[in-house]
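If you read the sequences in order, they're chains A and B. Here the first sequence stands for residues 0 to 384, numbered as in numbering that gives the first Met the number 0. Here the second sequence stands for residues 0 to 367, numbered as in numbering that gives the first Met the number 0.
Simulated from the structure, these hints should not be mistaken for lab results. Misleading hints may appear alongside valid ones.
Once the Cα atoms are required to be at most 35 angstroms apart in a straight line, the calculated DSBU-like pairs of lysine-lysine come out as [unchecked claim]: (1) K27(A) / K312(B); (2) K290(B) / K264(B); (3) K236(A) / K37(B); (4) K290(B) / K74(B); (5) K128(A) / K142(B); (6) K27(A) / K264(B); (7) K148(B) / K312(B); (8) K362(B) / K251(A); (9) K358(B) / K236(A); (10) K290(B) / K312(B).
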Amino acid sequence: MLLILMAYGCSFRAEAQETSEKPRIELKQSSQGASSFVVVGLNKATLAVLERQGPAGTLDDTFAVYAGAGDIAGRNPMLGETRVEGGVLVFTPRFPLEAGLPYQAILRLEGKLANSSDSQTISKIFTLKRGTTSAARVQHIFPTTDTVPENLLKFYLHFSHPMSRGEAYRHVRLMETSGKSVDDPFLELGEELWDSSGTRFTLLFDPGRIKRGLKPREEIGPALEEGKSYTLIISAKWPDAQGQPLASDFRKTFQVISPDDDQPRTSNWRLSPPKVQTRDPLELRFPESLDHAMLQRVLRVVDSNGASVPGAVHVSQAETHWRFIPQQDWDAGEYVLRIDSALEDLAGNSIRRPFEVDMTRPVTQHEDVLYSEIRFQIASERDPP
Amino acid sequence: MKLNHCFSRACFALLAVLAAWNANAAEEAFQQGSPDLKSAGSLAFAPEGVLLVGDSRSAAVFAIQTNDNQGEAKKADYNIEGVNEKIAELLGASPQSILINDLAVNPQSGNIYLSVSRGRGPDAAPVILRVAPSGEISEFSLKNATYAKAALPNAPDAEARDRRNEPLRLQAITDIEYVDGRVYVAGLSNEEFASKLRSIPYPFGQVDDGASVEIFHGAHGKFETQSPVRTFTHYDIEGQTHLLAAYTCTPLVKFPVSQIKPGDKIQGVTVAELGNRNRPLDMFVYEQNGKDYILMANSSRGVMKIPTEGIDKIEAITKPVADKAGLSYSTIDELQGITQLDRLNGERAVVLVQTEDGKQNLKTIALP
């Protein structure tokens, strides 16, 4: 982000002599963007005294920086290191400066240091102007389908820019199409579930409203009810990582159908092998939408030597279509599609285990293994059809 | 007699060797340097003033020697209004850019440690702050610290990564606690609804990577589901150390730590159902007039006080029941807005209170 330095306001309390030796405070920025506050114009004698004080001495009292404008009485100066270096007095903040926030740098010279019978205080306010980046927006919400099971477990919200943590749940609302707001539908966690880049947020429904036989669901029912339509509203007030609001509200309207208590079965998937010596996609179709995030990583193509085939994954058609495009042309031979059985459908039923096991019914697990496998062959051009 | 004598000597020698091995293991586990925290979340204390820090972004727990053993937790008292604003001043940021993630009291000194994010975005800097009873807030520097790191095992498959080559999948550490030579870590994935509770030997060594168990919840003896642990504490029940855990789906359960064996699954015994709008945030156990209580902060009510009496004999809640199933509790209405708490001493707790005007106050309260 381009930071433009602004200095507004400069106050002198003491009667420093108007000479070329008059100290002044400047803000310097290194080529890496690190900021430091520098006092230039101090005479050699003063610098020598300050240098003798050293960082462990009273240098911090001599030159300090305060975050925020206004009276500094009773406030903590910001953390940083003050030292004499290269003929100037330097304060290096412990953390990078925040754009848009005023910083008051205050130099207090007393006694001999002031070169005057009065103490001398010089202060200056600096503000780094916010860069002009475009407003963040919601790019996608998964699942993309507009019909979801009553026991839908989560949404993934994808943003165009890194977002701000700590207030996610304030900015998401679920409404019935009648306009009635759904109370407390989501699981609110102090440790919000973001990815590393801060652009993908996992919004879980409150499992207490999904699981059968629990008080939250008994008291006020499931968050979503079959047959009704709802709108998920992402408020434009949600700040991005720079504190700027979103470009606009985002709405996703969807219809709720019956709960899904069935595990995904790989035997119901349809695999279409590619042609040899091409980079055609290996295609896989599911009879239901599966978890978008997990589809990116839990399926692996392994060749007959046991090596993973490198390539890119594309998921489309309401997360019912998975395509794998290899980096190299396909060779003829036997392949295995290896699937982590933790893969879930929209209701949290995985290949390994349903979201809820009804203990009074026969065991329903289809594949109680860590991995499922689908074998396929890519025929050479010489092979008979 | 002679044989016994020899046997005793051999036992003594063996114990001495084991003790030395243990000490060496501790020394080897710890190193000098700057722990490379990417985030600072859940906090807890291990013995001898060692601070445990949960780092979700690194998928690791750090143990950092504080060398903070001066002071008296018994006499400590806190009342800092707008602690978030004071922290913002110190870190050179606006209060909106500060997140206080957790607090823990160092029982050796009575000083409070806060894990803070300086910044709200993915590049936020993790900071550990120390608050003294005088109200002075200082940075607990991680430079040249004595520390150990335990990496949480991750998925065996290659991860999907973002443009910065960082994994999209993370394990949010929701709580950590030291109990009898082990560190317990509760987590929740941002993708699959997995619920792992990890038990790591402390000090962190190479001998044992720790056990990981899947946590299940049985509702009314009929439905069984995976149930991530949101917050937990430990408690002795009939001489056996148990974890008391609050699930994300609100039941409060107990299970003995002896059940935590690698690869196993655990089904806790439900001892209370906390109901809707009642999301547990933090809890600990304390004693008052010879009886034990759980003090629990939750998202929408006053703090809950739950007597543990009868927890040893309580039957698992196996039928749908009206309001107060299992252990009964009372709500301390005057303690509103508490988002974090920790025990300070036998009579008082330290709490972080969120006010409606956006201020956070750090203060001491008498245990109710």
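Results for each hint:
no., hint, result
1, K27(A) / K312(B), "violated (68 angstroms)"
2, K290(B) / K264(B), "holds (32 angstroms)"
3, K236(A) / K37(B), "holds (27 angstroms)"
4, K290(B) / K74(B), "holds (23 angstroms)"
5, K128(A) / K142(B), "holds (31 angstroms)"
6, K27(A) / K264(B), "violated (58 angstroms)"
7, K148(B) / K312(B), "violated (39 angstroms)"
8, K362(B) / K251(A), "violated (43 angstroms)"
9, K358(B) / K236(A), "holds (20 angstroms)"
10, K290(B) / K312(B), "holds (16 angstroms)"
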